[in-house]
Amino acid sequence: MAEIKGLKRVPVREQDPKVRAANFDEVCLGYNEEEALEEAGRCLHCKNPKCVQGCPVSINIPEFIAALKQKDYDKAYDVISESSSLPAVCGRVCPQETQCEGQCIRGIKGDAVSIGKLERFVADWAKENDRHMKCYRGRSGHKVAVIGSGPSGLTCAGDLAKQGYDVTIFEALHKAGGVLVYGIPEFRLPKDKIVAKEVENVQCLGVKIETNVIIGRSVTIEDLLTQEGFDAVYIGSGAGLPMFMNIPGEQAKGVFSANEFLTRNNLMKAYRDDFDTPIICGKKVVVVGGGNVAMDAARTALRLGAEVHVVYRRSEAELPARKEEVHHAKEEGIQFDLLTNPVEILTDDQDNVTGMKVIRMELGEPDASGRRRPVPVEGSEFEIACDTVIMALGTRPNPLISSTTEGLETNRKKCIVADEAGATSLPGVFAGGDAVTGAATVILAMGAGKQAAKSIDEYIRKKYAE
Amino acid sequence: MYRILEARNLAGPNYEMLVEAPRVAARCLPGQFVIVKVGEEGERIPLTITDYDREKGIIELVYQPIGVSTGKLSRLQAGDVITDFVGPLGQPSDLTGTPIEELKKKKIVFVAGGVGTAPVYCQAKWLHEHGVQSDVIIGAKTKDLVMLEDKMKKVANVFVTTDDGSYGRKGMVTKCLEDLIAEGHVYDHCVCIGPMIMMKFTCLTTKKYGIHTVVSMNPIMVDGTGMCGACRLIVGGEVRFACVDGPEFDGHLVDFDLAMKRQTLYRTKEGETFLAWKEGKTHSGGCGQCGGDK
Numbered sequence: 001m002a003e004i005k006g007l008k009r010v011p012v013r014e015q016d017p018k019v020r021a022a023n024f025d026e027v028c029l030g031y032n033e034e035e036a037l038e039e040a041g042r043c044l045h046c047k048n049p050k051c052v053q054g055c056p057v058s059i060n061i062p063e064f065i066a067a068l069k070q071k072d073y074d075k076a077y078d079v080i081s082e083s084s085s086l087p088a089v090c091g092r093v094c095p096q097e098t099q100c101e102g103q104c105i106r107g108i109k110g111d112a113v114s115i116g117k118l119e120r121f122v123a124d125w126a127k128e129n130d131r132h133m134k135c136y137r138g139r140s141g142h143k144v145a146v147i148g149s150g151p152s153g154l155t156c157a158g159d160l161a162k163q164g165y166d167v168t169i170f171e172a173l174h175k176a177g178g179v180l181v182y183g184i185p186e187f188r189l190p191k192d193k194i195v196a197k198e199v200e201n202v203q204c205l206g207v208k209i210e211t212n213v214i215i216g217r218s219v220t221i222e223d224l225l226t227q228e229g230f231d232a233v234y235i236g237s238g239a240g241l242p243m244f245m246n247i248p249g250e251q252a253k254g255v256f257s258a259n260e261f262l263t264r265n266n267l268m269k270a271y272r273d274d275f276d277t278p279i280i281c282g283k284k285v286v287v288v289g290g291g292n293v294a295m296d297a298a299r300t301a302l303r304l305g306a307e308v309h310v311v312y313r314r315s316e317a318e319l320p321a322r323k324e325e326v327h328h329a330k331e332e333g334i335q336f337d338l339l340t341n342p343v344e345i346l347t348d349d350q351d352n353v354t355g356m357k358v359i360r361m362e363l364g365e366p367d368a369s370g371r372r373r374p375v376p377v378e379g380s381e382f383e384i385a386c387d388t389v390i391m392a393l394g395t396r397p398n399p400l401i402s403s404t405t406e407g408l409e410t411n412r413k414k415c416i417v418a419d420e421a422g423a424t425s426l427p428g429v430f431a432g433g434d435a436v437t438g439a440a441t442v443i444l445a446m447g448a449g450k451q452a453a454k455s456i457d458e459y460i461r462k463k464y465a466e
Numbered sequence: 467m468y469r470i471l472e473a474r475n476l477a478g479p480n481y482e483m484l485v486e487a488p489r490v491a492a493r494c495l496p497g498q499f500v501i502v503k504v505g506e507e508g509e510r511i512p513l514t515i516t517d518y519d520r521e522k523g524i525i526e527l528v529y530q531p532i533g534v535s536t537g538k539l540s541r542l543q544a545g546d547v548i549t550d551f552v553g554p555l556g557q558p559s560d561l562t563g564t565p566i567e568e569l570k571k572k573k574i575v576f577v578a579g580g581v582g583t584a585p586v587y588c589q590a591k592w593l594h595e596h597g598v599q600s601d602v603i604i605g606a607k608t609k610d611l612v613m614l615e616d617k618m619k620k621v622a623n624v625f626v627t628t629d630d631g632s633y634g635r636k637g638m639v640t641k642c643l644e645d646l647i648a649e650g651h652v653y654d655h656c657v658c659i660g661p662m663i664m665m666k667f668t669c670l671t672t673k674k675y676g677i678h679t680v681v682s683m684n685p686i687m688v689d690g691t692g693m694c695g696a697c698r699l700i701v702g703g704e705v706r707f708a709c710v711d712g713p714e715f716d717g718h719l720v721d722f723d724l725a726m727k728r729q730t731l732y733r734t735k736e737g738e739t740f741l742a743w744k745e746g747k748t749h750s751g752g753c754g755q756c757g758g759d760k
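If you read the protein sequences in the order shown, they are chains A and B.
Under the numbering used here, the letters of the first sequence match residues 1 to 466, in that order.
Under the numbering used here, the letters of the second sequence match residues 467 to 760, in that order.
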């Protein structure tokens, strides 16, 4: 009996789908102490822990779970924060199923250990008990500039500050956090309770954050290195430029990029009456795309009172979103129109959206990404009535920095070219995260920030050893 | 926080404000804009730069309060602070990237409408400082709304026109422009800044005369850094973002009709909020437009 019980993970408590569909409070409530201890008990403490290999920042997972089992939460937090500057964020938004949990031995027969939820438990415990990260070295006095206060920048800045560097983060928007603030909604990642606290945590390490500074416009990288006395620069400016489909009707009133829709709602808090920024969300919304951003936009529109359809050109198996997001979206009543692709957005004479003409798709031969290529089924067009369309087709890096930094090499997708160590074509200038890879995940961006912090430390030591 | 050094009411409904923003003042050029946000709950408001003082680190803005956010801004006094102030955003005016000798050969006319007179001043002043002459047409509905005339006269040849003829010439800016051409003025470069409808008709006029025309677009924006795509326009058949590709574009290539339709998107909602802010919740529908009575 005990054996069979051990196959299943301890279920996590969530807000009831019917209730949460009408509020912006966090969906997942996380483990309490008892649940966390029970789940921690499922870890086998493998000699050769595959989960650590699956983690882009190589958190010593068996060790933190072992400390958790001993109820030594202080130690568990220290183990995690040795590798991660944003544990409360990662515990919530990482695609664990393809990373640590995807490698877990427990997962071969039964459920993988719920590593993400355990990480979240430890991080939340640390917040409630006012625990902060440790600094490891005295001040070195050398200055490093970090561009962007998203996951990559915060990680890089945090790691460098721990090493004693004098770090300043420059943020273009009025609030620090990058995609954690403007992109991921409140119901998935609470802003005041979690993101602001993680940012404060990094500030406690001595990192300064200057908001409202657009690198490339307010000041250039060259100025930072020459006039403002920074020894090195890390570009973690993300991929913020939205893509559109270039189909007829896309400029109509009621067509938004997911970036606009989410920024209005998350950063500008348009869903709250006490904030001034408006948001228009009709009665029937079609979200185009199948990634996490599409799920976020769809579930936001639902909470604003709309009936929501997700239109995606491949099948369910290819949905790039985290499984949990798709599962939550379905529970909340979002309808998935799979193997369907928009052809045209229909409008009235005032250019308001009235519907969308779509075409059925079928999966053909695998394409360059290894996924089966969707091909249109001829003559299968039909119309979906809607008054709002949200395009969640992915994003590209903003060319503001690359176009104003002479000698900074970019590729044809406008991504900054950086090697594995994070070094760019310019000495002293490092880059990582979505600005280099194009839109990816929070944790990959953090991994790149971490790597770059190491490289910057080596670069500066070498520079001053000479 | 960004300190307001001076704030005053200009002609009619327009306001002028001097703000301490050293980073912006150090690098901005005519044609660029800033984004201003008042309070934690405020909107991000894009405003084109009217003037700047690099040494003192000061930016001057002129704006017309039209909603809650600009209304809140207009209630701030000297000594108050603006929560957020970011820039310079957008591309500088093409004029600033043109060799001075070439500019001196050009015959430049600015067509300014309403509050658009302010960003025109920035460009005319820059030209004047670089020894380049220009003509400026200032258009306004009526005498009380003519702004910055005295300042403008110090940097350019100014022609004022009012719709009702209460001051200067009578008629719209397009009539004034055509009259000037008829009177023998020759132009080969026009910069037009004002309400979209005015820019549209100015472009139709200049096209007739084959005058290259640049307009400064002011569509709905959120972040102003290329992130949201709210400000997208069709220019020469292609999608362009006013915030990063503009705000200035070749006026003869801009799809104004589309831009004007897109601008009405939040109108009802903004109007309702503005009324509620100004007068309390007095608006209870009945206008038949806003759906408030349904």
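If you are wondering where the hints come from, they were derived from the structure by calculation, not from laboratory data.
Accuracy of the hints is not assured; some may be wrong.
[What the hints assert, rightly or not] Here are the simulated BS3-like cross-link-like pairs (lysine-lysine), alpha carbons at most 30 angstroms apart as the crow flies: (1) A/269 to B/641; (2) B/641 to B/617; (3) B/522 to A/143; (4) B/538 to A/191.
* Asked: Within 30 angstroms, alpha carbon to alpha carbon, are residue 538 of chain B and residue 191 of chain A?
  -> Holds: residue 538 of chain B and residue 191 of chain A sit about 26 angstroms apart, inside 30 angstroms.
* Hinted pair residue 269 of chain A and residue 641 of chain B, Cα distance within 30 angstroms -> violated, 45 angstroms
* Under the criterion that the straight-line Cα-Cα distance not exceed 30 angstroms, is the pair residue 641 of chain B, residue 617 of chain B satisfied? -> Distance of about 24 angstroms is within 30 angstroms: holds.
* Asked: Regarding the pair residue 522 of chain B and residue 143 of chain A, is the alpha-carbon distance no greater than 30 angstroms?
  -> holds, 27 angstroms
Violated hint: 1 only; the structure is consistent with all others.
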